[in-house]
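Visitor: Protein chains in written order, with our numbering: chain G, 1 to 287; chain S, 1001 to 1285.
Worth flagging that the hints you see were computed from the coordinates, not collected in a lab.
Glycine included, C-beta positions come from ideal geometry on N, C-alpha and C.
With a cut-off of at most 25 Å between alpha-carbon atoms, the simulated DMTMM-like pairs for lysine to aspartate or glutamate come out as follows:
1) K200/G / D180/G
2) K24/G / E1177/S
3) K24/G / D1189/S
Rough simulated footprint, nothing fancy, chain G against chain S, three-plus residues with beta-carbon under 8 Å:
4) 1013–1022
5) 1091–1104
Partial list, computed: chain S residues near chain G (C-beta under 7 Å):
6) F1027
7) L1032
8) F1034
9) P1088
10) F1107
11) L1124
12) I1126
13) A1128
14) Q1130
So you can see what is in the structure, the chains are spelled out below.
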Amino acid sequence: MRTIAASTPRPPRGLAARAWAFAKRHALTVYALLVVGYLMLPIAVVILFSFNKPAGRFNYVWEEFTLDNWAHWNAVLGIQDAIITSLEVGLLATVVATALGTLIAMALVRHHFVGRGATNVLVFLPMSTPEIVLGASLLTLFLNTTAVFQLGFVTIFIAHVMFIVSFVVVTVKARLIGFDRHLEEAAMDLGANEVTTFRKVTLPLIAPAMLAAALLGFALSIDDFVITYFNAGGTQTFPIFVWGIARVSVPPQINVVASAIFIVAITLALGNVIWQYRGAKRTQGVT
Amino acid sequence: MGTFLHRHRGVTPYLLLAPGILWLAIFFLIPLAFLGYESLQSGLFPNFEFTWEISNFSNGIRDYHEQFVRSFVYAGIATGACLVLAYPLVYWIAFRAGPWRNLFLLFIVAPFFVTYLVRTLAWLNILADQGPVVSILRDVHVLGPDGRLLATTFAVVSGITYNFFPFMALPLYVSLEQIDPRLLEAAKDLYASPTQAFLRVTLPLSAPGIVAGTLLTFIPAAGDFINAALLGTPGQAMIGNVIQSKFLESLDYPSAAALSFVLMGLILVALLVYARVVGSERLTG
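Work out the full structure, taking the sequences as your base and the hints as a guide.
Guide: This is the structure:
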């Protein structure tokens, strides 16, 4: 970092002092940016290696640049079905979990009722249980009730809703706590009933939180391996597909799909950040 | 419906709760009961019988205490590493990043947008024997000429550190962001040096974030088996690897269930200690 300064002719004492001052002033920034670099490195590697033309079956060493993997992203048997299953499970589970979780969050923030503490604990527990225990226990339920449940799409969906709900509750709750109940009271005073008030006042206000929760839920669903692995039976989601194939080969198409998911997700998340920022600015202007 | 809700206000919260709570009860609580039931069975697949087989637990602990200890040690080191990496970054975001805060928060969660298995496989690229990191370390003699990073404890622990980093960073950020800057100004006015202000004001106020982040990182890390499976060897096997292979490969459900319970029990003990220290309302957010 100081190599440039070292070559400039300056009195050594002043230089050392300046270097020390610079390091002191910017050490935190430098450290923070290094950590950001560390966080981004594997992502960059995933994207970079989606353009690699591996010599063998494993895409671990850089050979040469190619666009073939992106052009033929579904050339690996099973990868397209797996990604479709992942998207279907993700969408369905997210919609259901967002609805269930938002209702729980509203009950917890708005109402005082017997069993509130127990509800809080029940919502918190799945998040503080290792995934492997969640997956294993659900598998024992399904194995003991084979008359009702066969492992497959439905059991994956059930599992995903179960572990996403808690995250939705936490996300929506955080937003509900900070919001002004007077707006709803005003609506009621003006003759709106509870359902109308919810539709016209509450829902628009918590929509950004619900969207954020849904995005988080979808990301969790599409990313989940452990719980899905236990309850998938023969059905393959994208992570299950990767796990299955990684033993025998790592085709670059895996990187293509992962990069595509990343690009879509980061775009949506950026959009949400901007939307919330503008929303915050707007409400600031009103009050 | 509106008038119904209005007349029976006491029922409303339960109506709101019912679908979600039922889902959690049926697919989270009841399965735990089934897991407990399974853990006390004996026999061979597929003919298991419920026999109060307590020995599944004692045998599990006896045979796999090494993997239990390893899981908790790896998870502990990874959690410490996450704290050291995350605290300065998050501090910088909270106090120095200004309008760029949300963008940098996005950098923290960005790894989550790359499929878990794929971002772990990316560490295979980075740490590969023919890769740049190993060749540099060999050149500067940190590693011997045949030294490797893959298939070592280092690889597994760094994989865990990377994968669970956001669980540490986000609660830390929340606690740091809530600190009133006027408190730091007050400390300065009272002649505290920056170091003193940090140690006496910022650090104590961010303690809840540190504890929450520690638990949120440690719990999934202790149950993880992906990093050990992809980046390590059987010599780095964690308890998650044992549970996974017993459940899905050797189909020894009773002892796998017993091991899951021991793991959960150990983690619950940690949680209860935490609840004692900081209070349960803060714990459940």
